[in-house]
Every structure is written in C-alpha cells, then in structure tokens.
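Trainee: Residues per chain, in single letters:
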Amino acid sequence: SAVISQKPSRDICQRGTSLTIQCQVDSQVTMMFWYRQQPGQSLTLIATANQGSEATYESGFVIDKFPISRPNLTFSTLTVSNMSPEDSSIYLCSAQEAPNTEAFFGQGTRLTVV
Amino acid sequence: EDKVVQSPLSLVVHEGDTVTLNCSYEVTNFRSLLWYKQEKKAPTFLFMLTSSGIEKKSGRLSSILDKKELFSILNITATQTGDSAIYLCAVEGTYKYIFGTGTRLKVLA
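Protein chains in written order, with this note's numbering: chain B, 1 to 114; chain R, 1001 to 1109.
What the hints contain is simulated information worked out from the structure, not anything from laboratory work. One or more of the hints may lead you astray.
To be verified - Partial chain R-side listing against chain B, Cβ under 8 Å, derived:
id: 1; residue: 1008
id: 2; residue: 1011
id: 3; residue: 1034
id: 4; residue: 1041
id: 5; residue: 1042
id: 6; residue: 1050
id: 7; residue: 1054
id: 8; residue: 1085
id: 9; residue: 1095
id: 10; residue: 1096
id: 11; residue: 1097
id: 12; residue: 1101
id: 13; residue: 1102
This structure is a prediction, so every number in the text was calculated from the model and none was measured. The C-beta atom is built at its ideal place from N, Cα and C for all residues, glycine as well.
Generate coordinates for the entire structure from the input sequences, incorporating the hints supplied.
Mentor: What follows is the structure, encoded as structure tokens:
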C-alpha cells in the first residue's frame, strides 16, 4: 500500500493561533480523510478531503474551524483554526486507493494547545 | 445512525493466553470491515473482511465476519507483550469508515 508522510508529528501551540497539518501520499489515491482522536477515545471523522472541491464535513465540524485543502490526488492539508485547549488531540490523515481497499494512515500529529 | 461497537473496552491477560475481541455493527451500505492495531499514533492495518464465514489469518491473529448477525471477531493466540495495543474495528459504509471505540489490550509478562 501507499505511504503517507504527515507533518508535523507534534506541536505545542498558543490558544487563538492556527496550525496547518500536511499529508503527502507517495501515489495517487482516490479518497483522503482527516480524523481526530481525543485522549482515550476512538477516531472521529472530521471530513473527507475532495480533490478540486470543498471538503465534506461530518456533523459537528465546520469549514471555518477546520479548513481543508486537496489540490491534487496526493496531497492534503488540515488547518485547526483559532485553537483552544479543547482542540488538543491527535489528528490523523488517512487515504484509500479505491473503494473496498484498506485505508492507511499517516503517522499522526499530536497537538497540544496551551 | 451508523454505529460500530467493540467489546470488551479493555482487557488484561498474561503472555500465552488467547483473547477474542468483538465488533458488532449497524452500518448502511456495508462494504467491508477492517481491523487495525494502534500502538502509538498511527493505526496499522491487520485485516479486511468482506465475505461471511471466511477466516483471515496472519500468524497468531485471525478474524472472521458474520454478515447475517452483523459482527466480527479478532482472535489472538499465544499472546505476547508486543500485542499490547488498542485494537480498532472499522466498517466501510457509503464513502467513509466508521470506527468503533476500540479494545485496549494489555499483555503482562
């Protein structure tokens, strides 16, 4: 399967600032997703990153807070905007080469907001 | 609403024990069920199941799907301390995955 490079791997940010997380896949993929995993919780889907169009957000997540870009079939970014301590979490990028194939994950970004 | 439920939530065993992890689901437009192992941040893929009754096996790990009863199990035999992790079940529905709560497994030496 393809390999995803996600960065940064961790960051400590001040409240009110924004952080952009990048994911680069080493081959073209159909689907890319962004997840959040809060401490002790499972993965929650934030949005599906659509190539060349606006992302599809899940209930409870909005574009103003989590703007996403996907300019091509190998790259996506997630920005966490106007951060608060409640945004402290692990953020994971995921990709899927085609439907009915396994999703694979980037290394994750551990974000701490102080 | 789509949901995936895993049990138990946590489990502590000793090396050499056999464990069975459970995953039940209610997902519209089921495509596949996947198992992942999460040790640090990134989940790593274990199995993908699409057909009922066909066991997938990799070393000491095996998994099977029952599409009639809407559940899957993951078995780990002769557990080792390196099996300590969170095991996640995910179901692929319409254009996305729904993840379960995970089972936290700790294997004691």
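Trainee: Would you pick out the hints that fail for this structure and give their numbers low to high?
Mentor: Of the numbered hints given earlier, those the structure breaks are 1, 2, 7, 8, listed in rising order.
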